[in-house]
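Enquirer: In case you want the letters, here they are:
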Amino acid sequence: MFRRFLRPISPSARREERIFYLFILPWLIGLVVFNAGPVLGMLGLSFTDWRISLDNLQFIGLDNYATLAADPIFWTSVGNTLYIVVGRVVFGTAFALLLAILLNQKVPGIPFFRAVYYLPTVTAGVAVALVWIWIFNPRLGILNYSLKQIGITGPPWIYSSTWVKPSLILMSLFQVGPNMIILLAGLQGVPKELYESAEIDGAGNWAKFRNVTLPMLSPVLFFVIIISVVSSFQNFTEIRVMTEGGPGESSNVLIWYLWENAFIFLQLGVAAAVAWIMFVILMALTGLQFRLGRRWVFYEV
Amino acid sequence: MTKAKQRKKGYAWRNTIKGRRAIGIILTFALLVPIGIIFVMPFIVMVSTALKPLNQVFAFPPRLIPETLQWQNFPDGWYGYGYVDFTTCTWNSLKITVNNIIGNLVSCTLAAYAFARLKARGKNFWFAIVLATMLLPNEALVVPQYVLFSRFGWLDTHLPLMVPAWFGWAFFIFLLRQFFMTIPEELVDAAKIDGAGHARILLQIFIPLSKPALATLAIFAFIGNWNNFFGPLLYLRTPDVQTLPVCLVQYQGAYGNTEWHLMMAVATIAVIPVLLIFIFGQRYFVEGIATSGVKR
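Residue numbers (my numbering), protein chains in the order written: chain L, 706 to 1006; chain S, 30 to 325.
Since the hints were derived computationally from the structure, they do not count as laboratory data.
No false leads were mixed into what you were given.
DSS-like, lysine-lysine: derived pairs with alpha carbons at most 25 Å apart:
1. S:Lys47 x L:Lys811
2. S:Lys240 x S:Lys221
3. S:Lys148 x S:Lys221
4. S:Lys47 x L:Lys913
5. L:Lys897 x S:Lys47
A few chain S residues facing chain L, derived, Cβ under 8 Å:
6. Thr57
7. Phe72
8. Tyr142
9. Lys152
10. Trp155
11. Ile158
12. Val172
13. Phe196
14. Gly197
15. Phe258
16. Val278
17. Ala296
Please read these numbers as outputs of a predicted model, since none were measured by experiment.
Positions of the beta carbon are idealized from the N, C-alpha and C atoms, including for glycine.
Please model the complete structure; the sequences and the hints are all you need to start from.
Expert: Right under this line is the structure:
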C-alpha cells in the first residue's frame, strides 16, 4: 500500500487528498492522543510497578500478570464477565429480535409501542439503576410482589450471589432499544418477493422465518452481536450503583476489578494489565465471531 | 345445522384472509401490550415513589398510585441535602452536554464527509481504523487517560469531559458516513460545475440534506453525555464541578436506604430532560439508527 504514495498523481487529486486529511485531522489527533497513545502507553505501564506517581518506575516484566494469575478474585471476575456477556448477548439479541418482529407487524399503534420499547434505553443511567435496586428488593420490591400474585416466590435477586448475575442480565433486556431498531430496519429490508415465492412453494410461517428471514437478516444479526459483545463489557454504572461487585465477589466483573485496582487499591500497573487482558479477551471474542460468522452469515451475491 | 358442520364453518372462518389477519392482530397485541406495560414499569415505580410520603414508601403491598400525592418531595429532594447542590450539578451537566453535542457534530461531520466523498490514498486504511476503534471499550482506557489528563493539569475541571468531544467519535463518524453515502453524486457534480469547493458542498448540500442523521447524533450525544457517570466520577472531586449522575449517587450514599422518596424525586427530575428530547426527537431517532451500520 505504501508504494501507491510514491506514484505521481495529478495536482487536483493531490488537492483533494490534502482536503481529505485536513477534514479527518481532528479525528486523527483524537485517535493518537486519546486512543492509540493510551492503549500503547498502557501496554508499557503494565510491565512496571506503577502505583501512584510515574517517577522511579521499575520495569518488573510480567510480574503484574503473574500477580493476576495468582489472584482467585481475578479469575472470578473473568468468569463473571463471560457469564454476563454471554447472557446479555444471547438473551438480548433474541429478545431484540422478538421485539423487532412484533414491531414489524401491520397492526395499528406501532409508532407508540416503538417509543415505549425504546424508552428504558434512553433513561438508562444512575437514576434508573437506583430504581432497579428498589424493584429488586426481595421483600418490598414490585418484582417479587408481582411474582407472588401469580403464585411464585421470587428469588432474592441482587442480594444473592447466585441470582445477582441473572438479575443484571434481566435488567439489561430493558435496554435492547438500538438493537431492536437496527433489526427492525433489517426486517423491513427483506424483499417481499422472497416471501411471496416461499408462499407459492407452500412454506408456513416458521419455514418462512427459518429459510427467508433468518438468512436475509444474518448480516444485521452479526453486526448486532458484535456490538452487543463490546457494550456488555461496559456495565460499570449498574455495578457501581447497585452491587459494587457483590454479594461477595459474585458480580465483580473485569471493569469493576480494574476500577478497584486503579482507583481504590492504587495498583495502577496491575490495572493496566487488567485493561490489556480485557482487550485481548474482546479481540479473541470478536475474532471468534468472525470465524463462526463465515458459517452462518449469508451475504447476498 | 349439525355439529360437524358448525365445526367446519369455524375452521373455514379461521382460514379466510380476514380471519387469519384478525387472529394475527390479536396475537400480536397479546405480546405487544404486556411487554409495553413491563417496559414502562421502572419509570412508573420511580414517579410513584417520588410522590409518596416516606411512611408509604415501604407499605406492603406496594401501591403504584399513592394515596396522597406529596409534591413537596421534589423541592425537599432538590434542596434537601447540604453537600449536594443539584442546581449547580444540573448546570454543569448541561454545559458539558451542550459543548459535547456541538463538538461531536462539527468534528464528526468533517471526518464523515471526507470518508464518504473525498478520494485519497490511505483512505481505506483509516476507515478500517474507524471501524476498529468502534470495538474499543472506552472504559478500559481510563487508566492511561487519567494519567494523561493529570499531566495536562486537567483533573477536577470539566476539560477531560469536554475537550475529547471536539476530536470525533468513531461511532458517529461511521453513522454519518453511511448517511452521506446515500446522497446522490449528481448533486455534488452539479455544485462542482458551479465552482463550489468542498466546504460549500458540505455546508450547502450535505448538512441540509442530513438533518435526520444529524438530529439523531445530537440526541444520542445528549443522552450519552447527560447519563455519563464514569467520566465525572473519575475526573471530578470538588462538589461545585460535579454532574447530575454523580450527585444522585452521593445522595444514595448520604441517605442509605432511608429517604427513598426524596431520592426518587430527584431521579425523576434528572430523567425529564432526556425524556423530552426523546419524545420530540423520536421520529428522527428511529430513522437515523435504521440507516446506520446495517449494511457495511
